[in-house]
Amino acid sequence: MKKKYRMIHDENLCIGCQACSVACRSENKVPDDLFRLQVRVKTEGVFPDLRMDMKRHSCVMCEDTPCVTVCPTGASFKTEDGLVQVDPKLCVSCKYCIVACPYEARFINPVTKNADKCTFCYSNRVSKGQDPACVTVCPTDALVFGDINDTTSEVYKKAKESTLVYPKAHLGTKPKLAFVPNKKGVSYE
Amino acid sequence: MNNIWGSMSQYEIINWPWPIAVYLFLAGISAGAIIIALLVKWNKHDNEVPTIWDAMVKAGAIISPLTIVVGLLLLIGDLGKPLSFYLLLINYNFSSVMTLGVLALFVYTPFAFIFAGLIFEDKIKNSFLSFLYPIIGYIKSYSRYSKNIEYILFFLAIVVGAYTGFLLSANMSIPMWNSPVLPILFLASGISAGIAGNILVGLLFFKSSINKESIKYLLMLDLRVILVEIPLLLILFVGMIYTGGASKISAMQALTIGNWAMIFWVGVIAFGLLTPLLIAFTALKNHAYKVRFIIINSLVVIVGVILLRFYVVYAGQLFTGV
Chain A
1 MKKKYRMIHD ENLCIGCQAC SVACRSENKV PDDLFRLQVR VKTEGVFPDL RMDMKRHSCV
61 MCEDTPCVTV CPTGASFKTE DGLVQVDPKL CVSCKYCIVA CPYEARFINP VTKNADKCTF
121 CYSNRVSKGQ DPACVTVCPT DALVFGDIND TTSEVYKKAK ESTLVYPKAH LGTKPKLAFV
181 PNKKGVSYE
Chain B
1 MNNIWGSMSQ YEIINWPWPI AVYLFLAGIS AGAIIIALLV KWNKHDNEVP TIWDAMVKAG
61 AIISPLTIVV GLLLLIGDLG KPLSFYLLLI NYNFSSVMTL GVLALFVYTP FAFIFAGLIF
121 EDKIKNSFLS FLYPIIGYIK SYSRYSKNIE YILFFLAIVV GAYTGFLLSA NMSIPMWNSP
181 VLPILFLASG ISAGIAGNIL VGLLFFKSSI NKESIKYLLM LDLRVILVEI PLLLILFVGM
241 IYTGGASKIS AMQALTIGNW AMIFWVGVIA FGLLTPLLIA FTALKNHAYK VRFIIINSLV
301 VIVGVILLRF YVVYAGQLFT GV
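Protein chains in written order, with full-length UniProt numbering: chain A, 1 to 189; chain B, 1 to 322.
Rather than coming from a laboratory, the hints here were simulated on the basis of the structure.
This structure is a prediction, so every number in the text was calculated from the model and none was measured.
Even for Gly, the Cβ is constructed at its ideal location relative to N, Cα and C.
There may be inaccurate statements among the hints.
Said to hold, decoys possible - Computed beta-carbon distance windows for the label pairs:
#1 B:Leu83 x A:Lys29: 19 to 29 Å
#2 A:Pro88 x B:Met8: 20 to 30 Å
#3 B:Trp18 x A:Thr152: 49 to 59 Å
#4 A:Gly82 x B:Ile241: 33 to 43 Å
#5 B:Leu103 x A:Pro110: 40 to 50 Å
#6 A:Lys29 x B:Leu299: 44 to 54 Å
#7 A:Leu164 x B:Leu274: 24 to 34 Å
#8 B:Ile136 x A:Glu80: 50 to 60 Å
#9 A:Glu80 x B:Leu129: 49 to 59 Å
#10 A:Thr43 x B:Trp18: 35 to 45 Å
#11 A:Thr152 x B:Thr256: 26 to 36 Å
#12 B:Pro180 x A:Gly82: 24 to 34 Å
#13 B:Gly77 x A:Tyr166: 32 to 42 Å
As the list claims (entries may be wrong) - Below, simulated DSSO-like cross-link-like pairs (lysine-lysine); rule was C-alpha separation at most 30 Å, straight line:
#14 A:Lys174 x B:Lys41
#15 A:Lys78 x B:Lys147
#16 A:Lys42 x A:Lys3
#17 B:Lys248 x A:Lys168
#18 B:Lys81 x A:Lys29
To be verified - Non-contacting residues of chain A with respect to chain B, defined by C-beta distances greater than 10 Å in every case (computed):
#19 Asn12
#20 Asp33
#21 Leu34
#22 Thr73
#23 Ala75
#24 Gly82
#25 Glu104
#26 Asn124
#27 Asp150
#28 Ala159
#29 Pro167
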């Protein structure tokens, strides 16, 4: 059976330490000052009633993929498991996918000249049965990854016990990265 | 102050910069010029003496292949890997507007050259390009299909003129582009630039007498296109505002903030659309077909069309409403 990979970022557990971002950088050789993954810290509310929201910013692995649709050469493609990847041999670096992505997930890698983005560490880790680098280093287990078809997996349990929110759900892109929204802090009802 | 999550500079890059805006203009004027040249050619009566009509056909035949080639070179130069452009020709994704555009251009560009070759047949025969004459002679042996070839070229020109708009409108991430109005707007403004370009090149290089009737026809045509463009721009922004959310914010920002808003109101609206409207109305009303006015009219139309492309490309990417 095909795997249905899902990643869940629990914003209640995230402490904004950026370990995931650093792990991604070292695992995937992301050039300096560029990011496949950021966790942005957003202060909400009016002093003294403030809270901090941790927002993961990366590719969300759409089911209905704007970047794959517009790519003229097929360099942006989905694997059998539905994870969106870039084939460096086919990419002409036209930047159409970068412009088309509603999640600002892509950029041009100045070393390879190809479109680059979060891959869920597909070729280097996930296809070998390991978790993505960001998931393995997370000190608070705010990131959970796995096959949601597998009812014994962590990600299945997490999805079952939490209310999941999908980024820009109104666009109908059906992301495979979901969030558990922050419930801590004073300004929530 | 540094963000703890690092640099944001990769999100502030204009991914499609000025060569794209210039290409969109050149593709538009190329398609517009040949559309007008063909329309004029089909409507020309055989018993008419060579006048501006002839110049219009010649101007269109020369503008179209040259502008599209320069545009394509800019486009290839803007690729991050320019030498890999051939991959676009051997890999296709039929859901991508860019692939469909590549295929259209793949046929359109040679046809535009063939058309130019046939129109300038005598010139080529007696010039340094005479080595090309055998090719033209060969093409001429198919002259019984010439009308069909003109129809195909006309259709391809419409496809090329409109696809530049579809290229942008296929992006759901940019509200100003993600509009069904854009392809029609780009085709209309391309035709407008084509008329202006043909008049300019026709007057400058194919010195023909100014015929009152023919200029009137062209100015009327231009007037109609401009009168289509203005409501299209209105629909574009009203549509964005009614969509609400990020789309509405994007429209309000693009119409009010900074230099791009000024370029839109002064460059596109006042200069590019209202000035030619004024000239056309006064020139038509007083029957004063002064060459000076016609040239000014053509120049402001072309500048307006260029600025429209720059505005849409840049303001679209800068003001996404987030």
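Which earlier hints turn out false for this structure, listed by number in ascending order? 5, 7, 11, 14, 15, 16, 20, 21, 22, 23 and 25
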